[in-house]
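Keeping their order, the protein sequence lines are chains E and R. Using this note's numbering, the letters of the first sequence map in sequence onto residues 1 to 129. Using this note's numbering, the letters of the second sequence map in sequence onto residues 1 to 322.
It should be emphasised that the hints constitute simulated quantities derived from the structure, not laboratory data. Glycine included, each C-beta is placed from N, C-alpha and C at the ideal position. Just so you know, not all the hints are guaranteed correct.
[Stated by the list, open to error] Partial selection, computed: residues in chain E whose CB lies under 10 Å from chain R:
1. Phe69
2. Glu82
3. Asp97
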Amino acid sequence: MATLQVELVAVERMIWSGEATMVIARTTEGELGVLPGHAPLLGELAPGGVVRIRPESGEELVVAAHGGFLSVTERGVSILAETAEIASEIDVERARDALRRAEQAGDDPEALAAGRRAQSRLRAAGQDA
Amino acid sequence: MAGSLRALRRRIRSTQSTKKIFSAQELIAGARIVRAQNRVTASKPYAREITRVLSALAGSASLDHPLLTERDKPGRVAVLVITSDRGFAGSYNVNVLRRTEELLRLLRDEGKEPLLYVVGRKGETYYRFRERDTADTWTGFSEQPGYENAQEVGSVLIDAFTAGADDDGTGAGADGVLGVDELHIVYTEFRSLLSQVPVAKRMAPLEVEEVEEFRDERDEEVQAQRTSDVPTSYEFEPSAEALLDALLPKYVTTRIYAAMLEAAASESASRRRAMKSASDNAEELAKNLARQANQARQAEITQEISEIVGGADALVSANADN
Numbered sequence: 001m002a003t004l005q006v007e008l009v010a011v012e013r014m015i016w017s018g019e020a021t022m023v024i025a026r027t028t029e030g031e032l033g034v035l036p037g038h039a040p041l042l043g044e045l046a047p048g049g050v051v052r053i054r055p056e057s058g059e060e061l062v063v064a065a066h067g068g069f070l071s072v073t074e075r076g077v078s079i080l081a082e083t084a085e086i087a088s089e090i091d092v093e094r095a096r097d098a099l100r101r102a103e104q105a106g107d108d109p110e111a112l113a114a115g116r117r118a119q120s121r122l123r124a125a126g127q128d129a
Numbered sequence: 001m002a003g004s005l006r007a008l009r010r011r012i013r014s015t016q017s018t019k020k021i022f023s024a025q026e027l028i029a030g031a032r033i034v035r036a037q038n039r040v041t042a043s044k045p046y047a048r049e050i051t052r053v054l055s056a057l058a059g060s061a062s063l064d065h066p067l068l069t070e071r072d073k074p075g076r077v078a079v080l081v082i083t084s085d086r087g088f089a090g091s092y093n094v095n096v097l098r099r100t101e102e103l104l105r106l107l108r109d110e111g112k113e114p115l116l117y118v119v120g121r122k123g124e125t126y127y128r129f130r131e132r133d134t135a136d137t138w139t140g141f142s143e144q145p146g147y148e149n150a151q152e153v154g155s156v157l158i159d160a161f162t163a164g165a166d167d168d169g170t171g172a173g174a175d176g177v178l179g180v181d182e183l184h185i186v187y188t189e190f191r192s193l194l195s196q197v198p199v200a201k202r203m204a205p206l207e208v209e210e211v212e213e214f215r216d217e218r219d220e221e222v223q224a225q226r227t228s229d230v231p232t233s234y235e236f237e238p239s240a241e242a243l244l245d246a247l248l249p250k251y252v253t254t255r256i257y258a259a260m261l262e263a264a265a266s267e268s269a270s271r272r273r274a275m276k277s278a279s280d281n282a283e284e285l286a287k288n289l290a291r292q293a294n295q296a297r298q299a300e301i302t303q304e305i306s307e308i309v310g311g312a313d314a315l316v317s318a319n320a321d322n
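Using the sequences plus the hints, can you model the full thing?
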């Protein structure tokens with residue numbers, strides 16, 4: 001079966017790379033599933049978005065990716081993110097704290113961005129945000 | 001005589017304790033180089049991908065984004081200088097600042113007015129001491145820069161650059177904010193453990209050639225990949241223009257981040273080298289001082305013996321006389 005070569009890179013390091021059968025992401029335009037053979041595409045990921053990668057073997061990988069882009073070529077998929085975390089590595093308590101703090105901080109743009117980051121982390125970890 | 005021996009011993013002790021400090025610094029810097037190099041390597045996949053995406057976009061979108069277009073009459077230009085927070089790094093800061101002066105002279109000759117943006121306490125004090133204005137300074141992260149630091153610096157520079165779009169001559173344009181028309185960066189490139197070279201580069205307006213050059217430097221293999229990617233025509237979500245808008249500032253930030261990481265590695269490498277020669281010198285000095293101290297001690301003993309012998313002789317001859 002055909003697979004996708006997926007690379008998930010954050011600014012500071014490469015987070016995950018490998019073969020996958022499907023990638024699901026949400027761009028600013030809407031939810032999107034990428035299967036092998038998908039037309040080349042460049043998209044901007046929605047803020048606070050969650051990316052799902054179904055590897056060839058093993059469990060589905062859920063990632064909180066923030067401030068990123070998705071690029072699909074014939075070779076595969078690359079996901080670029082400013083910050084990205086794999087769900088299993090997310091500290092739910094800390095994310096909740098961050099969200100609470102951001103909500104209290106009010107309307108300034110930095111707090112809003114922090115809030116969205118925390119939301120995406122929670123969502124990726126399978127918690128209600 | 002006894003006084004000089006004591007003074008020498010004191011100097012030996014202090015030289016040895018400074019030597020300990022130097023070699024500790026050397027070890028720390030050595031460990032930091034490795035870490036800094038790892039971070040440079042870790043940041044490369046992102047830089048590579050973003051460059052690839054950008055060149056794919058550049059092929060498809062019209063290139064009239066403000067970050068890509070050359071301004072008619074560049075007036076004010078921003079120069080970002082990356083120095084270290086701490087000294088003890090040999091000629092590291094001097095070299096960066098000298099390169100900056102060269103760039104500033106060149107810019108002034110071209111009739112542009114350079115504005116300084118400085119990273120690192122050493123650069124900050126250099127310009128403050130000379131009473132020269134800096135537009136903005138950031139300190140406290142030169143050895144371990146994070147991406148958020150690059151974002152902070154990048155957003156200030158990109159804002160200034162965007163604000164400069166409508167300036168005419170020396171007056172602020174429609175938005176009433178004086179901006180800049182070009183962005184330059186001066187940092188130290190890490191070539192190897194033995195060679196770090198200060199370089200000056202233009203970040204904006206970006207040239208497509210510069211994008212190519214950036215890739216060449218970073219990764220040869222991408223060049224090969226790219227040739228296979230070129231015929232691809234992409235779909236864009238949202239439009240190519242909107243994507244370019246979102247991507248270019250990130251690209252500039254990535255370049256600042258890469259420059260900071262290289263500078264951090266260079267800083268540690270310079271520091272290690274400086275500290276190595278400092279501790280070698282201290283050891284040499286301690287050795288020479290020990291020699292002098294031994295000589296002084298020997299001279300003292302000789303003198304004491306000759307005094308005793310002289311005294312005994314005097315006694316003997318006094319007895320003989322009686």
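Each hint tested on the structure:
1. Checking E/Phe69 against chain R: minimum C-beta separation of about 6 Å stays under 10 Å; hint holds.
2. Residue-level restraint check for E/Glu82 holds (minimum Cβ-Cβ distance to chain R is 7 Å; threshold 10 Å).
3. With its C-beta approaching chain R no nearer than about 19 Å, E/Asp97 sits outside the 10 Å limit, and its interface hint is violated.
Violated hint for the displayed structure: number 3, the only one.
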